[in-house]
Amino acid sequence: MSDSAASVDSLKTKVPAKTIGDITVPSPVFSCRDVDVFYGDKHAIKKVNIDIARQQVLAMIGPSGCGKSTFLRCLNRMNDTIVGARVEGQITLDGQDIHEKRQDVVQLRARVGMVFQKPNPFPKTIYENVAYGPRIHGLAANRGELDDIVNQSLRRAGLWEEVKDRLNQPGTSLSGGQQQRLCIARTIAVNPEVILMDEPCSALDPIATARIEDLIDELRESYAICIVTHSMQQAARVSQRTAYFHLGDLVEVGETNKIFTNPQAKLTEDYITGRFG
Amino acid sequence: MTPSLLIVALALLSFIAFQIGKARALSVAGGARGIRDLHSLPGHYGMLAALWAGLPALLLVILWVSLQDRVLIAIVTSHLPASVMALGQDGFTLFLNDVRNVIAGNIPASQVSAEAAVAATQYVRLQGYSRMALTALAFAVAVLGLFITRSRITPELRARNSVERVFEGLLFLCSLVAVLTTLGIVLSVAFEATRFFNIVPASDFLFGTRWSPQMAIRADQVGSSGAFGAIPLFAGTLLISFIAMIVAVPIGLFSAIYLAEYAPSQVRKVVKPLLEVLAGVPTVVYGFFAVTTVGPILRVWGESVGLDVAGESALAAGLVMGIMIIPFVSSLADDMITAVPQSLRDGAYALGATRSETIKQVVLRAALPGIVGGVLLAISRAIGETMIVVMAAGLAANLTANPLEAVTTVTVQIVTLLVGDQEFDSPKTLAAFALGLMLFIVTLVLNVIALYVVRKYREQYE
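Going down the list, the sequences are from chains A and B.
So in the working numbering, the last spot in the first sequence is 299, and the numbers never skip.
So in the working numbering, the last spot in the second sequence is 1151, and the numbers never skip.
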């Protein structure tokens, strides 16, 4: 049923069957092969092949509804929480299939953290927001270690100086930009390998956005980062590699400066030059 | 014309006035093209004419009808022969009752005294005149209103503003009705309660531990002098409400968690309405259930383990009341849990939290104020609940914490005090109002706290 719908779709959209550019990288952290996602009958992602490199930022761009967020949510199996969503194909994290029966989704998400579009601090204190992940995964043996993790995470998220005197206030009392950095601190606290960011700055003002972008650049030293963004300037500023999605297809992927200066696919060029999107 | 027929006629006249006003506005404007020169739409001018034709006349009718009977009786009384006036207070009241019964046609004129028959005839005759006068006057006022308004219609007349002001006033009056009713209830209960506290000291009522409201009515009667210590009643109410909450809060909350977080949508579609059916069962039916099923079962179980359970026990009443409140708790908690944004759940899942960790530490935490508010509302319902406890809790005012004994509640005592013949100057009857006042204050405080908590919670996520 969905197969026939898919073939009709691909006839209509006339996208090159194969992704243009270098989908492979040496020693990838994530390796995705022929990934399909269906929401009920809707074919949201079509045969996507891409590798994700370590210590690098991968930006995913494309018009609304093109499937970039959907693809991002495949990487930590957040699509499991959506009723009627189905993921096919192979996704490996450090060579292990994340859909394998042995793979515990809880452990997967501890290794692959996620930051969302709207800051979503828990209804707890600032301290407890950061301590939540380490607590549920038992990362701290005692209160002292937990304090250290919270301290380190807030420092790395560039929030420590602003909140060190008010750790016991609710996380919701912070400003939007601070809340988003709190969410990043919360993610770092579990010490993941990869951080997924789904339009992390779309609800923030330009100053808060600049702080987050600086932060992303620093975090790249230790983590692989995938960021979905609608801002092409942001993609150009923070990423080393860029992937362009269109109507569920991965059209082109390559080094960011190449994609933005010399795109190979017509669709990518049209999008980057602002002809649509 | 009878007043009801008159009101229909006035409504008709208002409708005609609407058409006249609208037509006048159009002709003043010089046809449909000129509408833009008018301050308001033609319909507004029509409505203004209709209001001026209808409202003053309607107010007149209402005022007239509410005063008519008093005036007519006064006139009839002033013409009565001296023999009737000599009857004294009680006799005169009986005489007036006869007159009214004849007027209403309940008894034929031949069965009452000649004076009463004459008075009744006179009343009916005067009533006829009064109605004619009212009809003429009301129509005069209506037509006058219509023509004055019609002559005032010019392009500058701000008809829309006036019409909207009148409707705003009507809306205000409607909302005032609910507020005034509440105020009226409070005042009437408070007034009767003050009379009670004049006879029985408030400290005896509030802190007394013996409740035995039987009073000797006559001096020569053998009977108790009455004791009005309300503590056993409030203790019984609290005991039963406590048992009810022990049943309702966990079951309601857990079923809400299941429905909101775990249940597949098909199960939710079936179970949620079924649970809400429980809320639609009349409380008197729950009462049957408590008396005929739960009470005897508890008794048998108690005997089998060597416990002496009263036929009417606090436990039976509390259990059934708890079942009654389950849908109340679960539906409120379900709303609160569903209102927790999905982004919070996503945030927890993305950190690697399991479903149960997410629910316990994030979702319930976020929904807690709302759930607490819902539980407080449920408690105030349990305290005010009457029918189940009347049927299943018993009448004996025991001061006990043992749920296996019969206890009585505030609401049960109010019912027993006010059922059957009563005199409204005895403390026995007046005690009901004092109890009612206390109950009202307690539930009011609970409701205010609950609404405050719920509102605070809502602000957080909107």
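There may be inaccurate statements among the hints.
[Stated by the list, open to error] Derived pair list, reagent style DMTMM-like, types lysine to aspartate or glutamate, alpha-carbon separation capped at 25 angstroms:
no., chain 1, residue 1, chain 2, residue 2
1, A, K146, B, E950
2, A, K280, A, E240
3, A, K140, B, E950
4, B, K958, A, E277
5, A, K69, A, E277
6, A, K123, B, D1035
7, A, K123, B, E1046
8, A, K123, A, D58
9, A, K123, A, E110
10, B, K1145, A, E183
11, B, K1049, A, D126
12, B, K961, B, D893
13, B, K1049, A, E277
14, A, K140, B, D1110
15, B, K1145, B, D1024
16, A, K64, B, D1035
17, A, K140, A, E183
18, A, K146, B, E804
19, A, K280, A, D227
20, B, K1049, A, D102
21, A, K123, B, D1024
22, A, K40, A, D63
23, B, K958, A, D102
24, A, K140, B, E1046
25, A, K68, A, D292
26, A, K69, A, E110
Honestly, the hints are just simulated from the structure, not real lab data.
Computed from a predicted model, the values in this text were never measured in an experiment.
Hints versus structure:
no.	hint	result
1	A:K146 - B:E950	holds, 21 angstroms
2	A:K280 - A:E240	holds, 23 angstroms
3	A:K140 - B:E950	holds, 22 angstroms
4	B:K958 - A:E277	violated, 50 angstroms
5	A:K69 - A:E277	holds, 21 angstroms
6	A:K123 - B:D1035	holds, 22 angstroms
7	A:K123 - B:E1046	holds, 22 angstroms
8	A:K123 - A:D58	holds, 19 angstroms
9	A:K123 - A:E110	holds, 14 angstroms
10	B:K1145 - A:E183	violated, 30 angstroms
11	B:K1049 - A:D126	holds, 20 angstroms
12	B:K961 - B:D893	violated, 48 angstroms
13	B:K1049 - A:E277	violated, 44 angstroms
14	A:K140 - B:D1110	violated, 67 angstroms
15	B:K1145 - B:D1024	holds, 15 angstroms
16	A:K64 - B:D1035	holds, 22 angstroms
17	A:K140 - A:E183	holds, 23 angstroms
18	A:K146 - B:E804	violated, 84 angstroms
19	A:K280 - A:D227	violated, 29 angstroms
20	B:K1049 - A:D102	holds, 20 angstroms
21	A:K123 - B:D1024	violated, 35 angstroms
22	A:K40 - A:D63	holds, 23 angstroms
23	B:K958 - A:D102	holds, 22 angstroms
24	A:K140 - B:E1046	holds, 22 angstroms
25	A:K68 - A:D292	holds, 21 angstroms
26	A:K69 - A:E110	holds, 9 angstroms
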